[in-house]
Amino acid sequence: MKQKDAWLPTDEDKTFIHSLMQRVTEPGKMAGWIALPDRGINANPLEYEYVKL
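Quick note: to get the numbering used here, add 266 to the position in the sequence shown (first position is 1).
Derived from the structure by calculation, the hints contain no laboratory data. Be aware that a few hints might be false.
Unchecked claim - Quick list of in silico lysine-lysine cross-link-like pairs, DSS-like style, CA-CA up to 25 Å:
1. Lys270 to Lys295
2. Lys270 to Lys280
3. Lys280 to Lys268
Claimed, not checked - Okay, the calculated beta carbon distance ranges per label pair:
4. Tyr316 to Met287: 40 to 48 Å
5. Glu313 to Gln288: 20 to 28 Å
6. Met287 to Val317: 18 to 26 Å
7. Asp271 to Tyr314: 39 to 47 Å
8. Ala301 to Asp277: 20 to 28 Å
9. Ala309 to His284: 30 to 38 Å
Note that the Cβ used here is the ideal one computed from N, Cα and C, for glycine as well.
Please construct the entire structure, taking both the sequences and the accompanying hints into account.
What follows is the structure, encoded as C-alpha coordinates:
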(Lines of atoms letter the chains of each structure in order from A and count residues from 1; the text may use other names and numbers.)
(Lines give C-alpha, C1' and ligand atoms only; values in the text may rest on other atoms or scores of the structure.)
Protein backbone atom coordinates (compact mmCIF):
# COMPACT_ATOMS: atom_id res chain seq x y z
CA MET A 1 0.00 0.00 0.00
CA LYS A 2 2.86 2.33 -0.71
CA GLN A 3 0.84 4.31 -3.23
CA LYS A 4 -2.44 4.45 -1.31
CA ASP A 5 -2.28 8.26 -1.06
CA ALA A 6 -1.66 8.58 -4.79
CA TRP A 7 -4.66 6.42 -5.70
CA LEU A 8 -7.33 7.26 -3.14
CA PRO A 9 -9.05 10.64 -2.72
CA THR A 10 -7.62 12.93 -0.08
CA ASP A 11 -9.71 14.73 2.54
CA GLU A 12 -9.40 17.85 0.35
CA ASP A 13 -10.77 15.89 -2.64
CA LYS A 14 -13.70 14.63 -0.56
CA THR A 15 -14.49 18.15 0.66
CA PHE A 16 -14.48 19.44 -2.93
CA ILE A 17 -16.79 16.66 -4.16
CA HIS A 18 -19.14 17.26 -1.23
CA SER A 19 -19.29 20.97 -2.13
CA LEU A 20 -20.47 20.07 -5.66
CA MET A 21 -23.31 17.84 -4.51
CA GLN A 22 -26.03 20.35 -3.69
CA ARG A 23 -29.61 19.14 -3.42
CA VAL A 24 -31.98 20.37 -6.15
CA THR A 25 -35.72 19.85 -5.68
CA GLU A 26 -37.15 22.45 -8.06
CA PRO A 27 -39.11 20.89 -10.94
CA GLY A 28 -37.26 21.11 -14.25
CA LYS A 29 -33.90 21.81 -12.61
CA MET A 30 -30.95 19.43 -12.34
CA ALA A 31 -27.97 19.41 -10.04
CA GLY A 32 -24.85 21.01 -11.47
CA TRP A 33 -22.85 17.80 -11.11
CA ILE A 34 -25.26 15.81 -13.30
CA ALA A 35 -24.86 16.01 -17.07
CA LEU A 36 -28.08 17.15 -18.74
CA PRO A 37 -29.54 14.27 -20.79
CA ASP A 38 -30.66 14.88 -24.35
CA ARG A 39 -34.10 13.38 -23.58
CA GLY A 40 -36.10 11.99 -20.70
CA ILE A 41 -37.19 8.45 -19.85
CA ASN A 42 -38.85 6.61 -22.76
CA ALA A 43 -37.85 9.48 -25.08
CA ASN A 44 -40.16 11.90 -23.25
CA PRO A 45 -39.12 15.55 -23.15
CA LEU A 46 -37.10 16.63 -20.13
CA GLU A 47 -40.08 18.72 -18.94
CA TYR A 48 -42.38 15.66 -18.87
CA GLU A 49 -44.27 15.36 -15.58
CA TYR A 50 -43.47 11.79 -14.50
CA VAL A 51 -45.17 12.06 -11.12
CA LYS A 52 -48.40 13.95 -10.63
CA LEU A 53 -49.07 14.91 -7.04
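Structure-based check of all given hints:
| no. | hint | in the structure |
| --- | --- | --- |
| 1 | Lys270 to Lys295 | violated (38 Å) |
| 2 | Lys270 to Lys280 | holds (15 Å) |
| 3 | Lys280 to Lys268 | holds (21 Å) |
| 4 | Tyr316 to Met287: 40 to 48 Å | violated (22 Å) |
| 5 | Glu313 to Gln288: 20 to 28 Å | holds (22 Å) |
| 6 | Met287 to Val317: 18 to 26 Å | holds (23 Å) |
| 7 | Asp271 to Tyr314: 39 to 47 Å | holds (45 Å) |
| 8 | Ala301 to Asp277: 20 to 28 Å | holds (26 Å) |
| 9 | Ala309 to His284: 30 to 38 Å | holds (34 Å) |
Hint check: violations occur at hints 1 and 4; the rest are consistent with the structure.
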